[in-house]
Amino acid sequence: MSANPQLTDDGRLRHLLTLEGLPARILTQILDTAASFLTVSEAERDVKKVPLLRGKAIFNIFFENSTRTRTTFEIAAKRLSADVVNLNINASSQSKGETLLDTVANLSAMQADMFIVRHAAAGASHLIARHVAPHIHVINAGDGRCAHPTQGLLDMFTLRHYKGAFHNLRVAIVGDVLHSRVARSQIHALTTLGCPEVRVVAPKTLLPRDVENLGVHVFHKMSEGIRDVDAVLMLRLQNERMRGSRLPSAGEYYKHWGLTPDKLKLAKPDAIVMHPGPMNRGVEIDSAVADGMQSVILSQVTFGIAVRMAVMSLLAGSGATGAQS
Amino acid sequence: MPTTLPPPERLIDALAEQIAPQITPDCALVGIHTGGVWIMDALAERLGHDIPRAVLDIAFYRDDFSRIGLHPETKPSHIPFEVEDRRILLLDDVLFTGRTIRAAMNLLFDYGRPATIRLAVLVDRGGRELPVCADFVGTRLDLPADEHISLEKNEAQGLHFVMKRRA
Chain A
1 MSANPQLTDD
11 GRLRHLLTLE
21 GLPARILTQI
31 LDTAASFLTV
41 SEAERDVKKV
51 PLLRGKAIFN
61 IFFENSTRTR
71 TTFEIAAKRL
81 SADVVNLNIN
91 ASSQSKGETL
101 LDTVANLSAM
111 QADMFIVRHA
121 AAGASHLIAR
131 HVAPHIHVIN
141 AGDGRCAHPT
151 QGLLDMFTLR
161 HYKGAFHNLR
171 VAIVGDVLHS
181 RVARSQIHAL
191 TTLGCPEVRV
201 VAPKTLLPRD
211 VENLGVHVFH
221 KMSEGIRDVD
231 AVLMLRLQNE
241 RMRGSRLPSA
251 GEYYKHWGLT
261 PDKLKLAKPD
271 AIVMHPGPMN
281 RGVEIDSAVA
291 DGMQSVILSQ
301 VTFGIAVRMA
311 VMSLLAGSGA
321 TGAQS
Chain B
1001 MPTTLPPPER
1011 LIDALAEQIA
1021 PQITPDCALV
1031 GIHTGGVWIM
1041 DALAERLGHD
1051 IPRAVLDIAF
1061 YRDDFSRIGL
1071 HPETKPSHIP
1081 FEVEDRRILL
1091 LDDVLFTGRT
1101 IRAAMNLLFD
1111 YGRPATIRLA
1121 VLVDRGGREL
1131 PVCADFVGTR
1141 LDLPADEHIS
1151 LEKNEAQGLH
1161 FVMKRRA
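Residue numbers (the numbering used here), protein chains in the order written: chain A, 1 to 325; chain B, 1001 to 1167.
These are calculated hints, taken from the structure and not from any lab test. There are no misleading hints in this set.
Calculated pairs, BS3-like style, for lysine-lysine (alpha carbon to alpha carbon, straight line, at most 27 Å):
id, chain 1, residue 1, chain 2, residue 2
1, A, LYS48, B, LYS1075
2, A, LYS48, A, LYS78
3, A, LYS49, B, LYS1075
4, B, LYS1075, A, LYS163
5, A, LYS204, A, LYS265
6, A, LYS204, A, LYS221
7, A, LYS263, A, LYS163
8, A, LYS78, B, LYS1075
9, A, LYS204, A, LYS268
10, A, LYS265, A, LYS163
11, A, LYS263, A, LYS204
12, B, LYS1153, B, LYS1164
The task is simple: from the sequences and hints, build the whole structure.
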């Protein structure tokens, strides 16, 4: 049994649950593979798909609403020629009292090869991964505040695409870090890939207490936090996850923490701006920045498909008996 | 059975001689990673650099994915011209089972419908498992199935063949 439940005994990726603890070699392999998949959707191709996962059944199980993530997983699976089934569970069995593991057992009986799971509870995909048959692979598409590994990977792909490498980058993650599974995945990936300066920039009320332990520099002022950075990774203000009053108002938040063209001038002139979407325009980001020259937000969406194709194919191929590592 | 092969550059000369009369304006060279791409570039030196060139990585079209998983180092395919109605000259270093060529043809057809596909290889070593044959061959060699031959490239030796027995 491998120490990391995501890896096979010979060190290949079996499930993708979190980026925490994954070696740089695996992260780099995913990014490199994604670069090849990027060409599958290029305009020159009549057929914008490859036959790699032909005959495989992939289940998108979403216990929590999402349009973009579910759609990009679906497109990725279809570009690999897999069969995709989308399930929004909050609207069906769960309301009738079926447990998470019962739901998964039923889907396994339908000859599933892969589960893509989003759940409001931290650790849901880990639980499923522990109980599925050996040939079934699990991808975490977001669990609570915990992890969103494919988002973290597509952000790394985007950074590498525009900046070339990680070893000389200064990156600022700005906003609601406390409720953000995206931020956690970004921080794990950036530190693993050798980014020397990862900053988190947020009000004290939106930072987890132990955040310094993740190896980041903490800033409580936007004007200091984004000064001279190569990339600004904005986070969505997650009103739906907030209990109690952590913020005075959206307007107040925008004034201090919203990324405006003026604030962006503090970053390096060639800094890129990223956002995982969906954006709250006029809250964490100004439209002039979101749609501006330095924004690579729509590229993130395109790259997200290639990155998810890479993850799915590496997982699906990891159980092969004669596999090369 | 010969134990030593002619140097690759001489086999490329022989291929270029066979191919030259067949080159028409609608032709394109397509090299399969990695050996086929080296041969393509060497042929362009001899046949002219104005012939369109493309590189293929067949990792996403292999028929052994369920057996060995994804190839560890995939490279992007790059076809900078319309495949539709093109006369394709497909290039690879060694022709063995024919499975790579099957994969490459499937890949090409996902880009469009070529007018023709012809195959040129440096070495035909026999051992076919599919109905594939080369139109242009540098040399033929009858090798046992457990013998592995590949084209390698380094700064000191340039292109050279490496032979080893499979474990």
